[in-house]
Amino acid sequence: MVSAKVKKYSLFLFGMFVFLQVSAQDSIQVLWEKANAYYTTEEYQKAVSAYEQILNSGQESAKLYFNLGNACYKAGDINNAILNYERAKLLAPQDEDIEFNLRLANQFVVTEIEALPQPFFVRWRNRIINLYPADAWAGISIGAFIFFLGLLGLFIFSRSSSLKRISFWFGILAVVISGFTFSFAGRQKEKINQRKHAIVFCPRITVKSAPAQNSTDLFLLYEGVKVEISDSVNTWKEIRLSDGNVGWLPDSCIVRI
Amino acid sequence: MIKLPLTYILVFLALVTLRAEQTKFTMSAPGAVEMGQQFRLTFTINERGSNLQLPPGLTGNFDVLMGPSTGQSTSIRTINGQTTTEVTYSYTYILRAKSEGEFEIRPGTIEVDGKVIESNSLKIRIVPAQSQPQTQQQTPRGGEQSTQSVDLGGDNLFLRVEMSKQNVFRGEQIIATVKLYADPNIPISGFDEVNLPTYEGFYTQDIEIPNQINFSREVYNDRIYQVGVLKKTVLFPQQNGTLTINPFSMTLLVQQRVRPRSFFDDFFSGIQTVRATVTSSPVRINVNDLPPQPANFYGGVGNFNINSELSSEDVTTNDAVTLKLTINGTGNLRLIRNPELKLPSDFEVYDPRSTENVRATDNGVSGTKTVEYLFQPRFEGDYTIPSIPFAFFNPATGTYVTRSTPEYTLHVTKGTGDESATVMSSRRREDIQLLGQDIRFIRQGSPMLRMKGTTFYGTPLFYSIYGGSTLLFLALVLIYRKKARENANAALMRNKKANRVATRRLKAAAGFMKKNENEAFHDSILKAFWGYLSDKLGIPVAHLNRESALEGLRKRNVNEELINDFVEITEQCEFAQYAPSGGSEARSELYKKAVSTMSRLEKQIKR
Numbered sequence: 085m086v087s088a089k090v091k092k093y094s095l096f097l098f099g100m101f102v103f104l105q106v107s108a109q110d111s112i113q114v115l116w117e118k119a120n121a122y123y124t125t126e127e128y129q130k131a132v133s134a135y136e137q138i139l140n141s142g143q144e145s146a147k148l149y150f151n152l153g154n155a156c157y158k159a160g161d162i163n164n165a166i167l168n169y170e171r172a173k174l175l176a177p178q179d180e181d182i183e184f185n186l187r188l189a190n191q192f193v194v195t196e197i198e199a200l201p202q203p204f205f206v207r208w209r210n211r212i213i214n215l216y217p218a219d220a221w222a223g224i225s226i227g228a229f230i231f232f233l234g235l236l237g238l239f240i241f242s243r244s245s246s247l248k249r250i251s252f253w254f255g256i257l258a259v260v261i262s263g264f265t266f267s268f269a270g271r272q273k274e275k276i277n278q279r280k281h282a283i284v285f286c287p288r289i290t291v292k293s294a295p296a297q298n299s300t301d302l303f304l305l306y307e308g309v310k311v312e313i314s315d316s317v318n319t320w321k322e323i324r325l326s327d328g329n330v331g332w333l334p335d336s337c338i339v340r341i
Numbered sequence: 006m007i008k009l010p011l012t013y014i015l016v017f018l019a020l021v022t023l024r025a026e027q028t029k030f031t032m033s034a035p036g037a038v039e040m041g042q043q044f045r046l047t048f049t050i051n052e053r054g055s056n057l058q059l060p061p062g063l064t065g066n067f068d069v070l071m072g073p074s075t076g077q078s079t080s081i082r083t084i085n086g087q088t089t090t091e092v093t094y095s096y097t098y099i100l101r102a103k104s105e106g107e108f109e110i111r112p113g114t115i116e117v118d119g120k121v122i123e124s125n126s127l128k129i130r131i132v133p134a135q136s137q138p139q140t141q142q143q144t145p146r147g148g149e150q151s152t153q154s155v156d157l158g159g160d161n162l163f164l165r166v167e168m169s170k171q172n173v174f175r176g177e178q179i180i181a182t183v184k185l186y187a188d189p190n191i192p193i194s195g196f197d198e199v200n201l202p203t204y205e206g207f208y209t210q211d212i213e214i215p216n217q218i219n220f221s222r223e224v225y226n227d228r229i230y231q232v233g234v235l236k237k238t239v240l241f242p243q244q245n246g247t248l249t250i251n252p253f254s255m256t257l258l259v260q261q262r263v264r265p266r267s268f269f270d271d272f273f274s275g276i277q278t279v280r281a282t283v284t285s286s287p288v289r290i291n292v293n294d295l296p297p298q299p300a301n302f303y304g305g306v307g308n309f310n311i312n313s314e315l316s317s318e319d320v321t322t323n324d325a326v327t328l329k330l331t332i333n334g335t336g337n338l339r340l341i342r343n344p345e346l347k348l349p350s351d352f353e354v355y356d357p358r359s360t361e362n363v364r365a366t367d368n369g370v371s372g373t374k375t376v377e378y379l380f381q382p383r384f385e386g387d388y389t390i391p392s393i394p395f396a397f398f399n400p401a402t403g404t405y406v407t408r409s410t411p412e413y414t415l416h417v418t419k420g421t422g423d424e425s426a427t428v429m430s431s432r433r434r435e436d437i438q439l440l441g442q443d444i445r446f447i448r449q450g451s452p453m454l455r456m457k458g459t460t461f462y463g464t465p466l467f468y469s470i471y472g473g474s475t476l477l478f479l480a481l482v483l484i485y486r487k488k489a490r491e492n493a494n495a496a497l498m499r500n501k502k503a504n505r506v507a508t509r510r511l512k513a514a515a516g517f518m519k520k521n522e523n524e525a526f527h528d529s530i531l532k533a534f535w536g537y538l539s540d541k542l543g544i545p546v547a548h549l550n551r552e553s554a555l556e557g558l559r560k561r562n563v564n565e566e567l568i569n570d571f572v573e574i575t576e577q578c579e580f581a582q583y584a585p586s587g588g589s590e591a592r593s594e595l596y597k598k599a600v601s602t603m604s605r606l607e608k609q610i611k612r
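Chains as they are written, first to last, in the numbering used here: chain A, 85 to 341; chain B, 6 to 612.
In isolation and in its complexed conformation, chain B is listed as follows (with noise of 0.2 Å):
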């Protein structure tokens, strides 16, 4: 086990070495020369070599003018006690070109140590002569020259911001450089003011360049310039339509000759420092607007990967488990947005916390978005993580592209300890979550539908209930009354006949005493008593007896003295029906009794 590593460390040392013995043999020229002039070739190589070939086909587009002149420079370095030695051998060669356009020179080739070895290739563009000030050095003469200055304006120094594309999606990065260009033959001693350009309605990311400026010549619109790259940003664009980068200047030092106009002039400043401000032209950029979104989109445009990774899959409750999902690729990743992650509903869930590791190169802006999305599940249970869709729009096929993380299936068995129990018990006493909020739902069942505006108030039907029943009722109440009223009356009449009816009675008791019919004349005063008292208290005779005959009278507040003679009488006559006694005398006695009771009567419930 322990030869694997040894034997990768051993394989690692041997290429650090080899890395280190390789023989460098680079081929450099400028990359735009003008027709005419002359130039150099230059072959480098750290070692010692022999029989340099120069590359097949050279002699056919240049004139080789001089050369090979070889050169050697050696430097020693010493850091930290090592010291290394580093030898460099050159052989230039001094050419010119034949005719114009562009051409190739192949790599050149050398020997080291009986190894042919093979240099790079290089490609060169030679442009027609036409500047004054260039023809002027080719032709030098002499102190007149230099008085000329070269003119600081239009052609021979500007700015200018290179985008390298023009036509872009929104959101999509587009590299922009700031150049300055300049005449070969001015003289840049330094910068005074810089104003670099404000992206208005971009994004932006810089890239790193050096600080210390290196002019490099280019060519441009057929000329030669040395160039120095100020800056360097890439560029998200943030709407849509076209955007415009606003001129922006700079102000430069730039060394110029005064023509002398004495002899003490020349002598005191021959050169002064003149400041010369430039100015950039507007650029336009047309920004198309993304296709339709989908759902899932996040606002990434580029090209993009994205894998997840779940902290653990078997946790207990309360634990705190993390979903890390990184995207990385090119393209705008700061401004991507969190994807969402839909988890079970009574989870905790905090909010995602997200890092970005991105570098701005001359490709463009890459790196890795990380979302960390930390979550405690509070029930046991299997849960499903779902997988998160993320959607991306890929500029170069203009096209959406969607990538999902896995599933995972997340098994919580319940946490030991009472702290977890204190927390659920807690969670069970909360009010219902709401999730979300939607209309309710349509009725089902019988539409119980309607002709349209009616109703049953204001309908005939309605206002005869109320007519019907107010008739109804009246009708019953006038039958009510009706019959109350002959009751009434039927009571009247024999209430007004009661005391005929009486005395008439008491009239045959005295025909019977008379008579001397004992059992007659008893039943005909108690007839008479019973029947009076019938009519005149309204009791019907079959209801009768002698207690509600009381009440009746009790009622009437007939006083309780003629009470107890009515007893009195009533008792002695039923008495003597079944045991005749007395004669005659008490028999005249009881009836005087039994008409004065009954005047009394009468005069008292009369009252």
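So that you can see chain A by itself, here it is in the shape it has in the complex (with noise of 0.2 Å):
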């Protein structure tokens, strides 16, 4: 009689857990489309609340950031639009729509930048290693990984020398391959979980050459500039500009990707 409860309050249990979970689902779901909704009756303000409301449940996905990104900057928020563009980059690096709108974005930055010339090689490797996202690279990782066993099992055992031949170059590189697309997908994986770039959100701050007010000034920044966090002591942070200028700032003025 006893068990019985038990097991009958325990199914209940499960089957309130399993009820919460779904609901949560269910209303980030509905979150989702009211937000795409608003953002369609040009209440930029409001999708922005609910996109962030989304956020705020700890998930994320390309497509969030860049609605977000959108929304943002049909509400004139420039700096903010910027900020979910990089994020969205960060999970979808390839994706054509989010470089477009965040070329348009960054039309309204004032400060440009002329990014130092990059050697062929880095440029060409970031390109590659930019083609797809962390999760991507380790999939056609594994799948090279076990295409190369294949082939190892092909040379092994085929009786034909050519065979032999043909599957030991394959299989040479398809492992290569492989351990390439692995460091591909730590190198990603590094990226978002790093989160080494941030964007400038104070209108106009000057950049110092050490991380106390009174020290020398540098250079002026505007808002909604790109750079690279290098260092970072206590509530300063050192910024490495594309082009190549080193300087300190307080971190309040910056939202790290």
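One thing to keep in mind: the hints can contain errors.
[To be verified] Result set (BS3-like, lysine-lysine): computed pairs, CA atoms no more than 25 Å apart in a straight line:
{"no.": "1", "chain 1": "A", "residue 1": "Lys248", "chain 2": "B", "residue 2": "Lys487"}
{"no.": "2", "chain 1": "A", "residue 1": "Lys158", "chain 2": "B", "residue 2": "Lys347"}
{"no.": "3", "chain 1": "A", "residue 1": "Lys275", "chain 2": "B", "residue 2": "Lys457"}
{"no.": "4", "chain 1": "A", "residue 1": "Lys275", "chain 2": "A", "residue 2": "Lys248"}
{"no.": "5", "chain 1": "B", "residue 1": "Lys532", "chain 2": "B", "residue 2": "Lys457"}
{"no.": "6", "chain 1": "B", "residue 1": "Lys236", "chain 2": "B", "residue 2": "Lys184"}
{"no.": "7", "chain 1": "B", "residue 1": "Lys457", "chain 2": "B", "residue 2": "Lys519"}
{"no.": "8", "chain 1": "B", "residue 1": "Lys488", "chain 2": "B", "residue 2": "Lys501"}
{"no.": "9", "chain 1": "A", "residue 1": "Lys118", "chain 2": "B", "residue 2": "Lys457"}
{"no.": "10", "chain 1": "B", "residue 1": "Lys597", "chain 2": "B", "residue 2": "Lys501"}
{"no.": "11", "chain 1": "B", "residue 1": "Lys512", "chain 2": "A", "residue 2": "Lys248"}
{"no.": "12", "chain 1": "A", "residue 1": "Lys248", "chain 2": "B", "residue 2": "Lys520"}
{"no.": "13", "chain 1": "B", "residue 1": "Lys560", "chain 2": "B", "residue 2": "Lys501"}
{"no.": "14", "chain 1": "B", "residue 1": "Lys128", "chain 2": "B", "residue 2": "Lys29"}
{"no.": "15", "chain 1": "B", "residue 1": "Lys419", "chain 2": "B", "residue 2": "Lys347"}
{"no.": "16", "chain 1": "B", "residue 1": "Lys502", "chain 2": "B", "residue 2": "Lys347"}
{"no.": "17", "chain 1": "B", "residue 1": "Lys457", "chain 2": "A", "residue 2": "Lys280"}
{"no.": "18", "chain 1": "B", "residue 1": "Lys519", "chain 2": "B", "residue 2": "Lys598"}
{"no.": "19", "chain 1": "B", "residue 1": "Lys520", "chain 2": "B", "residue 2": "Lys532"}
{"no.": "20", "chain 1": "B", "residue 1": "Lys512", "chain 2": "B", "residue 2": "Lys457"}
{"no.": "21", "chain 1": "B", "residue 1": "Lys598", "chain 2": "B", "residue 2": "Lys560"}
{"no.": "22", "chain 1": "B", "residue 1": "Lys560", "chain 2": "B", "residue 2": "Lys532"}
{"no.": "23", "chain 1": "A", "residue 1": "Lys130", "chain 2": "B", "residue 2": "Lys457"}
{"no.": "24", "chain 1": "B", "residue 1": "Lys597", "chain 2": "B", "residue 2": "Lys502"}
No lab work stands behind these hints, which were simulated from the structure alone.
Dock the two chains into a complex; use the hints.
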């Protein structure tokens, strides 16, 4: 009798748990649709708060950041638009729409930075790495590895010498590809986790030569600029611009991507 | 139909003649007079009149000292052979005011041909008498007076910019009048240097005034001055805040009588021309910003009306169509930007042309601004030419007013002719025209959410796929290897045993030979060979026949002679099984041959 009651009770608990889980998922779906509807009816401020509510649930996706960026852009908040487009780009580095909207948003940024030219191999490598997000690279790596194992098997057991030769070379190629894509996936993951870049949010900020208020003024930055964080002391961050300039900023002025 | 213009002309002529015959009866007097001073009140009429009546109530405020003294002047003009005669009669009274203040002189009347005609009315200001020169003039002291000269500075001679308003909206018009104030006793003989003010922060337009400067009497700060208007300008402030018109100066030539020091001085130079420089004081104007501007505000401040006209509503493709927009009214017409006309995007649109016809008068700037929008429809169809909303700021009410032109429907039919066809075809090949730029639209569908910072890469599952697949692979290899080894062992065993089995079978054949068992003998020889080849060549007995056996042998480079021997033996055996022939000699020969072939096969296959 008692055990039956416990069973019933635990069943009820389990049901509740499942229900809550499902309803949470449901409410997010509802929120998402509501936010999109707000955007379509041009109530951008409401759309922004709805998208942010979804984000507050601890979940993210490139689509979500993209839509939030769009809503911010339309609401006139260019800084947040850039921030969210950059976040979306981290998760979907090759998405053309994100790239396009980010370029439009960047037209509002006052500071124009001419990026230092990088050596061609660095450029190529970055381009290749940015072809896919971390998980896609991980999948490719696994696929290549399994393919390699198959070729290895063929190499070991094949009687025909030409088949052996082919499987040998392709096997080596597959294992090299697997290794490289593994490292690419690692890099993409690192980018997402480290979040080394940030967007300047202060309308106008003087970059200092040292992490102290009375140090020399180096240069001026205006809002919306993307910087790379290279070091940190207390509430100060050392930032590096893509044109190679380095200086210190109070971290209240920047928001990590 | 012809009658109408005829009557019009007649009426017009009558009006003209009436006008010419109209009697003009005017009354004139100075606008400002000092207390105690005499002045003239003059009535002028261009016809002989009688029974002149002074304005009622005149004697209550003024003493009539003298009059009327009548005068008559005749002017005869001949223009283009036409002679006109004008006679003017004047009646002059000399008056003196009884008290200070502002008085209105009501119209006087006169009778002309039995009709009573009224003159205009006047306003006169009587100011207190105070100035030294005035009293001097009133009580002349002969030669002494002429030796006195009037001080040229301060209150006696100065410049002033008079503003019609001090507190305005940006773009609202102000009339600035530059005036020279001079004591009536200062004889100004000319101007030497005139630096008129520069109105910084204003858009200006001059009002035309006669070149000759006419001095009139005016009261300022309770004193009478002779005032000359130097310049009149309409100003449109272009900045917010307090605008200052900087002081400016001019040099006048004034005749001064010089006190004679000696008899000769007086004799030679009684009057000297002196240069007097006068400077104005700065004037400040407070300019208020306009309230938040509506979308269709093109900078117009004032009061305007608009209307529009479309050259044609039915056109063929590639016809030029003009929409004419006229803005008329008073205000900053010249500063109004061309209102925007939103035409269908596939029209060929030319830059609008605007012309202004603006007049500046004492009432400000007024006139018309005409904007012509020229465009060509390229494709047939019905188009809507939208209305043009035009908002302007009315400073009198302090609000924006929007006026709109009507909407037009343009009906375009396809034009004929090759020219239009070629234009159209070239038009079609054009690239996509970018009409505007905007961000791309949001994504719909599932948001595909995931917990923040989680990736498949780096999870235990990810690594275990590598490990798992490797282990699986190794296991598969091991199993396969083991099985292959087992198979290989079995084949080797059989290979090794093949010779022994064959020798045993041959021995058995030898036994059958001795016993003369013909069938068993051949059978065991065949078995010995087939079994041997099956084991040696690794071909299962079931698959073994002559062709596969020969193929196997040739693959192992067994020479052709030996193969022939083998074929011969097997053929002989098979043949002898069914058709026993020969005796024991043939059998023993076959046996010998079989043994030697077997031993040679063993050697060659091993090699």
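Tell me the numbers of any earlier hints that the structure contravenes, in ascending order.
4, 5, 7, 11, 12, 16 and 20
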